[in-house]
Amino acid sequence: MNNFQYSRATDVADAIRLLNSDPDAKLIAGGTNLIDLMKENVERPSRLIDISRLPLGKIEETAQGGLRIGALVPNSDLAYHPQVEQRYPLLASAILAGASAQLRNMASVAGNLMQRTRCAYFYDTATPCNKRSPGSGCSAVGGHNRNHAILGASPSCIATYPSDMCVALAALGALVHIAGPTGERRIALEDFHRLPGDTPHIDTNLGASEMIIAIELPPGGFSRNYSYLKVRDRLSYAFALISVAAALNLEGNAISEARLALGGVAHKPWRSLEAEQSLRGRAATADHFAHAADLLLQGASAASHNRFKIELARRAIVRTMMQAASAAPQSQAHKKIA
Amino acid sequence: MAQPSHQVPERIPVTLVVNGTKRDLDLAPWTTLLDALRDHLNMTGTKKGCDHGQCGACTVLVNGRRVNSCLTLAVIKDGAEITTIEGLAKDDALHPLQQAFIDHDAFQCGYCTPGQICSAAGLLAEGRAKNADEIRELMSGNLCRCGAYPNIVAAIQQAMGRP
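Order-wise, the sequence lines are chains U and D. Going by UniProt numbering, the first residue of the first sequence is number 1, and it counts up by one from there. Going by UniProt numbering, the first residue of the second sequence is number 1, and it counts up by one from there.
Derived by calculation from the structure, the hints in this document are not laboratory data. The model shown is predicted, which means the values in this text are computed figures rather than measured ones. There could be a bad hint or two in this list.
What the hints assert, rightly or not - A short, non-exhaustive set of chain D residues, derived as facing chain U with CB atoms under 8 Å:
| id | residue |
| --- | --- |
| 1 | Pro13 |
| 2 | Thr15 |
| 3 | Val17 |
| 4 | Trp30 |
| 5 | Gly53 |
| 6 | Thr59 |
| 7 | Gly64 |
| 8 | Val67 |
| 9 | Leu71 |
| 10 | Leu73 |
| 11 | Glu81 |
| 12 | Leu124 |
| 13 | Ala125 |
| 14 | Asp133 |
| 15 | Glu134 |
| 16 | Glu137 |
Stated by the list, open to error - Listed below are the simulated PhoX-like cross-link pairs for lysine-lysine, each with C-alpha atoms no more than 20 Å apart in a straight line:
| id | chain 1 | residue 1 | chain 2 | residue 2 |
| --- | --- | --- | --- | --- |
| 17 | U | Lys336 | D | Lys48 |
| 18 | U | Lys26 | D | Lys48 |
| 19 | U | Lys39 | D | Lys130 |
| 20 | D | Lys48 | D | Lys77 |
All C-beta atoms, glycine included, are put in the ideal place defined by N, C-alpha and C.
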């Protein structure tokens with residue numbers, strides 16, 4: 001790890017002032033990803049600004065009937081919060097599908113949004129990587145890319161964004177509350193992460209001197225018909241090959257609203273309004289879900305080793321939507337896929 | 001990528017309450033909790049395995065919650081209560097998990113065992129695991145290269161008082 005200066009922020013304004021005064025400084029809360037990347041020499045911040053003691057650790061009701069989740073709420077506390085378990089079980093399930101119990105205890109909600117790709121070439125400082133070292137090239141395009149993107153990739157970068165939590169947040173239509181030097185703003189979670197294009201080193205639309213202060217969940221939690229299915233190379237504690245967040249509102253067997261987001265396939269959680277709207281008013285059947293899957297996977301394209309992910313995604317979408325429709329969500333402890 | 005800072009900052013005073021004893025340290029800010037325990041306090045019960053949060057050998061309890069000490073900066077935990085494997089036994093009595101690991105032969109080489117036991121102590125405190133499947137899932141952050149998993153699950157079930 002490189003030598004760095006350490007500052008403990010006294011409040012949000014202080015953290016932003018410290019960020020603003022040093023372009024190479026980084027915020028640290030849980031540190032689960034940042035410390036790892038510093039040990040690999042991928043991240044070399046001049047200064048760490050410790051925000052772990054700021055009062056951003058509450059989960060509160062919003063006036064609109066949703067929840068406002070403070071940026072520093074640990075992932076485990078969010079997953080096990082009674083309001084989240086009851087009203088947003090899709091989010092609880094997705095969080096529990098990710099990382100390990102120890103890491104979930106450490107990792108903050110905002111840090112989960114800020115985590116970087118697990119592309120092996122991004123981690124390996126001996127190889128070219130446009131995300132780590134802009135303009136150096138992409139080693140994954142002609143390399144080991146079994147786990148890489150099938151949607152939204154560019155010739156510069158085929159990395160995937162690894163969060164499970166954010167796949168559920170995308171499906172639920174969450175908002176990200178941001179504070180910066182000129183005040184506060186909020187953007188949709190879906191607009192928070194970027195596609196790589198020719199600037200894959202920029203993961204998010206967060207400004208250089210901005211920080212996340214909260215995540216807001218809208219009132220609709222899809223608490224009856226939902227499922228989060230994560231397909232990976234081992235049964236636990238592995239990043240997704242494909243993950244699917246599915247949520248439905250049903251009137252009888254007819255779908256009044258559908259939400260569908262994919263993880264492990266792109267530089268951000270992947271949603272398609274066209275796919276979701278195709279299900280409105282339709283019966284909750286495998287055929288209709290397969291049609292929605294085809295719409296969501298429109299434009300999918302494989303690299304040299306990950307062609308299987310396109311068909312795997314299609315099947316996983318149908319399976320997860322059927323689990324949601326039958327109110328039989330995937331368990332994250334009992335691994336048999338119903 | 002940022003250029004490295006060549007200015008080495010002052011060491012920072014850090015107080016940790018380790019197994020009930022207040023310990024005052026002066027640490028460089030990049031010292032992990034794991035290195036503070038092993039190299040500065042000479043408490044080598046907590047093991048360094050992968051040093052990247054992938055194996056769980058470094059698991060300790062911080063304010064009662066299990067964490068990977070290799071991915072925790074000591075300075076951030078200034079003032080925290082740390083429980084390591086050295087702090088689980090009370091007087092001459094082994095912690096129920098320590099006894100259960102012996103009863104079930106829940107190790108072979110033993111290198112992962114301090115992390116397994118501290119992680120299991122965190123699991124019991126969380127109260128979320130109710131059966132073997134849930135124990136396996138919620139212990140998945142602790143790897144055992146010897147493959148003692150079935151006996152580890154049995155030991156935790158014994159300490160939990162559940163079949």
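The hints, checked one at a time:
1. Pro13: violated, 12 Å
2. Thr15: violated, 14 Å
3. Val17: violated, 17 Å
4. Trp30: holds, 5 Å
5. Gly53: holds, 6 Å
6. Thr59: Hint holds; Thr59(D) Cβ to chain U Cβ min 6 Å, cut 8 Å.
7. Gly64: It is violated, given that the least Cβ distance between Gly64(D) and chain U is near 10 Å, above 8 Å.
8. Val67: Given a least distance of 5 Å, the restraint on Val67(D) holds.
9. Leu71: Since the shortest Cβ distance to chain U is 5 Å, the answer is holds.
10. Leu73: Because about 6 Å separates Leu73(D) from the closest Cβ in chain U, which is inside the 8 Å limit, the hint holds.
11. Glu81: Result: violated, 15 Å to nearest chain U Cβ.
12. Leu124: violated, 12 Å
13. Ala125: violated, 11 Å
14. Asp133: Given a least distance of 5 Å, the restraint on Asp133(D) holds.
15. Glu134: OK, holds: Glu134(D) within 8 Å of chain U, min 5 Å.
16. Glu137: holds, 4 Å
17. Lys336(U) with Lys48(D): Given that 20 Å is the threshold and the Cα spacing comes to 34 Å, the pair is violated.
18. Lys26(U) with Lys48(D): violated, 26 Å
19. Lys39(U) with Lys130(D): violated, 36 Å
20. Lys48(D) with Lys77(D): Roughly 19 Å between the alpha carbons, so the hint for Lys48(D) and Lys77(D) holds.
Consistency with the previously given hints fails for numbers 1, 2, 3, 7, 11, 12, 13, 17, 18, 19, ordered from lowest to highest.
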